[in-house]
Amino acid sequence: MSADHPTANQANQAPVATPTLAMIRTLGLVSAICGLIIVGAYQGTYDAVAANKRIAMERAVFKVVPAAKSIEEYYALAGGSIAKAGAETPAGAAKFFAAYDDVGKLVGVAAEGGAKGYADTVRIMFGYEPACQCIKGIGVVSMRETPGIGDKIITDKEFQANFKELDARLNAEMAALANEIKTVKHGTKASNWQIDAISGATITSRAVGKAINDTAQALLPRLVPNLDKIGSKS
Amino acid sequence: MHETTFQIFINALLANNFVLAMFLGLCPFLGVSGKLDTAFPMGVATTFVMLVASLCAYGLNLLLTAFHLEFLRLISYIVIIASSVQLVEMVLKKYSPALFRALGIYLPLITTNCAVLGVALFQTAREYDFIQSMTFSFGGGAGFTLALVLMASVRERLQLSDVPGLAQGTALSLMLAGILSLSFMGFAGLGG
Amino acid sequence: MTTVATAKNWDEFMEGIWKQNPVFVMILGMCPTLAVTVSAVNALSMGVATAFVLVASCGLVSMMRNITPKEVRIAVYIVIIATFVTAVDYAIQAISLALYDALGAFIQLIVVNCIILGRAEAHAAKNPPLPAMINAAGMGVGFTIGLLALGVVREILGAGTLFGVSLFGAHFQPWVIMVLPPGGFFVLGSWLLLFSWHARRKQAREVPQNA
Chain B
1 MSADHPTANQ
11 ANQAPVATPT
21 LAMIRTLGLV
31 SAICGLIIVG
41 AYQGTYDAVA
51 ANKRIAMERA
61 VFKVVPAAKS
71 IEEYYALAGG
81 SIAKAGAETP
91 AGAAKFFAAY
101 DDVGKLVGVA
111 AEGGAKGYAD
121 TVRIMFGYEP
131 ACQCIKGIGV
141 VSMRETPGIG
151 DKIITDKEFQ
161 ANFKELDARL
171 NAEMAALANE
181 IKTVKHGTKA
191 SNWQIDAISG
201 ATITSRAVGK
211 AINDTAQALL
221 PRLVPNLDKI
231 GSKS
Chain P
1 MHETTFQIFI
11 NALLANNFVL
21 AMFLGLCPFL
31 GVSGKLDTAF
41 PMGVATTFVM
51 LVASLCAYGL
61 NLLLTAFHLE
71 FLRLISYIVI
81 IASSVQLVEM
91 VLKKYSPALF
101 RALGIYLPLI
111 TTNCAVLGVA
121 LFQTAREYDF
131 IQSMTFSFGG
141 GAGFTLALVL
151 MASVRERLQL
161 SDVPGLAQGT
171 ALSLMLAGIL
181 SLSFMGFAGL
191 GG
Chain A
1 MTTVATAKNW
11 DEFMEGIWKQ
21 NPVFVMILGM
31 CPTLAVTVSA
41 VNALSMGVAT
51 AFVLVASCGL
61 VSMMRNITPK
71 EVRIAVYIVI
81 IATFVTAVDY
91 AIQAISLALY
101 DALGAFIQLI
111 VVNCIILGRA
121 EAHAAKNPPL
131 PAMINAAGMG
141 VGFTIGLLAL
151 GVVREILGAG
161 TLFGVSLFGA
171 HFQPWVIMVL
181 PPGGFFVLGS
191 WLLLFSWHAR
201 RKQAREVPQN
211 A
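Line order of the protein sequences matches chains B, P and A.
In this text, residue positions in the first sequence follow the numbering used here: the first is 1, and each later residue adds one.
In this text, residue positions in the second sequence follow the numbering used here: the first is 1, and each later residue adds one.
In this text, residue positions in the third sequence follow the numbering used here: the first is 1, and each later residue adds one.
Hints are not guaranteed to be accurate.
Some chain A residues close to chain P (C-beta under 8 Å, calculated; not the full set) [what the hints assert, rightly or not]:
1) V79
2) V85
3) T86
4) A105
5) C114
6) P182
7) G184
8) L188
9) G189
10) L192
11) S196
12) W197
No wet-lab data here; the hints were simulated from the structure.
Model, not experiment: these values are computed from the prediction.
Note that the Cβ used here is the ideal one computed from N, Cα and C, for glycine as well.
Full structure from sequences and hints, please.
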């Protein structure tokens, strides 16, 4: 490196290599400016983003548990206990929302599940009612399925009827669902824990079934033994 | 999510092909797919960079999450990718100068290949673990190479065909890509 | 500014819209062009986001052009572009989560959009901030126009709506392929065919005059 030549401004004189100090100085300056911009943007939008996420989540929960008036976030931990949601996400925890009516009594539990559909992940929020041990409604949180085909899971009344009382009972050991929630071919639904697929939209329908089953299998064995702990709003 | 490794691979290779279904890596796809001899090495080089990028992104993500620095994710991914490409360039220049010259300008352009950054971003968004990430990037790279090779083969044939002057060039490549994409839609659901 | 300077600035601006339109002429930035143009709203939002990153990045690159050694220039450009993309990413999340979900990973993929790096390298690094930003703005507008051209066609044919407003009523059977990946390729190919035909016709008309 030629240290006695003028620095970066003369970079178009081909044989002069730029001194390392000039490169470090520029990179440092750029990093400092960019760091300030990024952090500024992050902090500046933090509240608005958090508010948006909360509104979206509340809308989804109120849709699947219509009687709900307020929501509390919880985690069902790997060991089998329940904890209120804080700033940190414990490893292996399943998140769920406890929904209460206006006198603080538990009316339902909502949880989110995801599975791969036709194009990308289909995220479903379902509402579970402890009294009947069944799922009483679903809502689509996000999906990128084919318009007019895959997105029928929102509009198709027959498909939505699957979730009026979808059986989600636990087995005798309370370790898993008594019957796996599964999507079956259109017209072959035989039991209350099966979901009749939309004809022509099998892949998306299967994703819905898988999303619900995966989350229910992980969450309900931990949740049901602890239902009394969240019976009233704390 | 509970996809098996095989499902991830097949999906990335066929059903959700990076180029024909997810629209990643289109610039080299349209630019380098003229000749089979350049298309295949380009695909392999890109796959290699994707593997390296996936590996680094996985590690970086662990680090950033541990320190709650998620907002630096994009910038650190792209810097790592740029460095990986630089590394691959230097290695190729030393050990295979012929290939280095054949790829020419397209090698540094792998940095701006959406597919490479796309791999890193998608594996983060889908929260894949290490094995899943590596499978995903390998499948994606293989899918990219497959699409590139298919396109190159057809375009080479087309050069000897009687194509209306109006359609020659990029318009034709795009129509071709559309038909290829249409045929790949047939793989939907293969990954279960 | 003198009228000459104003005219020059106007030329800089218009260059990105017609003569060097990134979508139809330079065929750059293909990935977002085909991926997000399934509806006019998405196309417009992506265009605006990209234009913002373009203008801001070119502005900063231009301001730093005299102290950026050529050995590290690509690294500097990339860091600057990634910074503004991160900022836009958070801004969109704050504005509308639905839009953020619709645009998906392609917001962050703006960072590898060849247009921005290309402009920074070819133009912003050699010109003062104001002309650089004006040229970038022109490119951004040109890109948005290109995206809209695709988004409008794909939405009308593939969903029967425009900006969410239903055009043909409930009995319209949409041409669904248009909002799927093959449709993206076909529509862009068709636009290019149209431009090619227009260019040839113009050429054919000019030849007798030159003879």
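Consistency of the hints with the structure:
1. V79: With a minimum Cβ separation of about 6 Å from chain P (threshold 8 Å), the hint on V79/A holds.
2. V85: holds (6 Å)
3. T86: holds (5 Å)
4. A105: Cβ of A105/A sits 5 Å from chain P, so the hint holds.
5. C114: holds (5 Å)
6. P182: Holds, about 4 Å.
7. G184: holds (7 Å)
8. L188: For L188/A, the interface hint holds, since the closest Cβ of chain P sits about 5 Å away, which is under 8 Å.
9. G189: holds (3 Å)
10. L192: It holds, given that the least Cβ distance between L192/A and chain P is near 4 Å, below 8 Å.
11. S196: Hint on S196/A: holds, closest Cβ of chain P at ~5 Å, below 8 Å.
12. W197: holds (6 Å)
Of the numbered hints listed earlier, not one is contradicted by the structure.
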